[in-house]
Amino acid sequence: MNPFPAPLWSIGPFVVTDSVLVTFVLSILIVVIGVLALRSPRAHTALEMGYEALERTIVSTTSADVRALVPLILTLWIFLGFANLVSLVPGVASPTRDLSLAAALALISFFAGHIHATRVHGLAYLHHYLEPSPFLLPFNIIGEIGRTIALALRLFGNMLSGHLVIAIVLYLAGLLVPLPMMVLGVLTGLVQAYIFGVLTLVFAASSLREAERRMHQEAT
Amino acid sequence: MTAQDWISIVSIVTAGITVAGGSFGAALGEGRALAQGLDALARQPDAASTITRTLFVGLAMVESSAIYPLVVGLILLFANPFVR
Numbered sequence: 121m122n123p124f125p126a127p128l129w130s131i132g133p134f135v136v137t138d139s140v141l142v143t144f145v146l147s148i149l150i151v152v153i154g155v156l157a158l159r160s161p162r163a164h165t166a167l168e169m170g171y172e173a174l175e176r177t178i179v180s181t182t183s184a185d186v187r188a189l190v191p192l193i194l195t196l197w198i199f200l201g202f203a204n205l206v207s208l209v210p211g212v213a214s215p216t217r218d219l220s221l222a223a224a225l226a227l228i229s230f231f232a233g234h235i236h237a238t239r240v241h242g243l244a245y246l247h248h249y250l251e252p253s254p255f256l257l258p259f260n261i262i263g264e265i266g267r268t269i270a271l272a273l274r275l276f277g278n279m280l281s282g283h284l285v286i287a288i289v290l291y292l293a294g295l296l297v298p299l300p301m302m303v304l305g306v307l308t309g310l311v312q313a314y315i316f317g318v319l320t321l322v323f324a325a326s327s328l329r330e331a332e333r334r335m336h337q338e339a340t
Numbered sequence: 260m261t262a263q264d265w266i267s268i269v270s271i272v273t274a275g276i277t278v279a280g281g282s283f284g285a286a287l288g289e290g291r292a293l294a295q296g297l298d299a300l301a302r303q304p305d306a307a308s309t310i311t312r313t314l315f316v317g318l319a320m321v322e323s324s325a326i327y328p329l330v331v332g333l334i335l336l337f338a339n340p341f342v343r
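Protein chains in written order, with the numbering used here: chain A, 121 to 340; chain B, 260 to 343.
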């Protein structure tokens with residue numbers, strides 16, 4: 121288990137690393153598990169109850185209307201949960217320790233927030249970049265880009281540092297000694313998956329709330 | 260001692276200092292935030308879910324300031340642009 125993404129083979133200019141392979145296998149696995157679970161009525165009911173509970177959690181987080189974002193955030197939670205915990209399988213490393221995957225997910229979260237705000241409020245929501253003063257426009261834009269980079273780096277840094285620590289302890293001490301680190305890795309992995317989804321939600325909701333507040337002010 | 264040796268030495272020392280300093284500040288901040296969160300939980304157990312959620316999100320934000328030095332340290336150690 122290499123702490124750094126190792127290239128397996130290359131198709132033209134694209135290098136296929138092990139994280140690409142694991143990502144594809146995980147995606148197919150999650151879909152297969154979902155389809156199989158829908159076959160049995162008992163699992164179907166359990167899944168729907170879980171979905172409704174999580175949907176309630178997401179919707180109650182913020183006052184803004186984020187119902188359309190629920191599938192995206194649940195997908196992020198499920199995928200990241202699987203991707204962060206897959207390193208427990210011997211010989212497989214988490215694909216999220218690859219900056220490429222973390223950056224791709226952060227870009228998805230960035231565009232999802234903006235597309236959702238545009239669909240709800242039209243282009244008028246862009247006005248919140250001029251708050252509290254138009255002179256702060258560059259700082260608002262830097263803040264927007266910076267938090268997307270931070271979102272990618274947080275996931276990548278946490279997962280890679282976990283893998284590095286396990287690799288170093290394994291090199292120094294040998295079999296079974298890295299187990300406490302792996303238990304800690306389970307906790308970090310789940311927390312990071314949760315945080316990634318919640319931050320996507322919070323960022324999307326913050327631009328929505330600004331636009332809603334503005335419309336409310338104009339109405340009164 | 261060639262110039263490359265010096266670059267390696269300085270990179271390793273700097274990586275150590277970077278990670279140490281970065282995690283120091285973030286640890287202080289996160290500890291403080293956690294203490295305040297526990298205080299708020301003890302005062303208002305009813306608002307536990309809101310406090311926990313906000314605390315987690317806030318801790319993740321603070322955490323990223325420890326992750327930046329880590330990334331810089333990793334670049335210095337494993338992907339140093341000056342070492343040939």
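Hints were generated in silico from the structure; no laboratory data involved. Where a beta carbon is used, it is the ideal one built from N, C-alpha and C, also for glycine. Just to be clear, a hint being listed does not mean it is correct.
[Unchecked claim] Here's a subset of chain A near chain B, in silico, CB distances under 8 Å, partners left out: (1) Asn278; (2) Leu310; (3) Val322.
[Said to hold, decoys possible] Here are the computed distance ranges between Cβ atoms for each label pair: (4) B:Asp305 - A:Leu307: 18 to 28 Å; (5) B:Ile334 - A:Pro254: 51 to 61 Å; (6) A:Trp129 - B:Phe337: 18 to 28 Å; (7) A:Arg176 - B:Thr273: 41 to 51 Å.
Evaluation of the provided hints:
At a threshold of 8 Å, the smallest CB-CB gap from A:Asn278 to chain B is about 7 Å, leaving the interface hint in force. With a least beta-carbon distance of about 11 Å to chain B, the hint placing A:Leu310 at the interface is violated under the 8 Å criterion. Nearest Cβ of chain B to the Cβ of A:Val322: about 6 Å, under the 8 Å cut. The hint holds. At about 26 Å, the CB distance of B:Asp305 to A:Leu307 agrees with the hint of 18 to 28 Å.
For the hinted restraint 51 to 61 Å between B:Ile334 and A:Pro254, the CB-CB distance of approximately 37 Å leaves it violated. Between A:Trp129 and B:Phe337 the beta carbon distance is about 23 Å. The supplied range of 18 to 28 Å therefore holds. Range check, A:Arg176 to B:Thr273: about 49 Å between beta-carbon atoms, so the 41 to 51 Å window is met.
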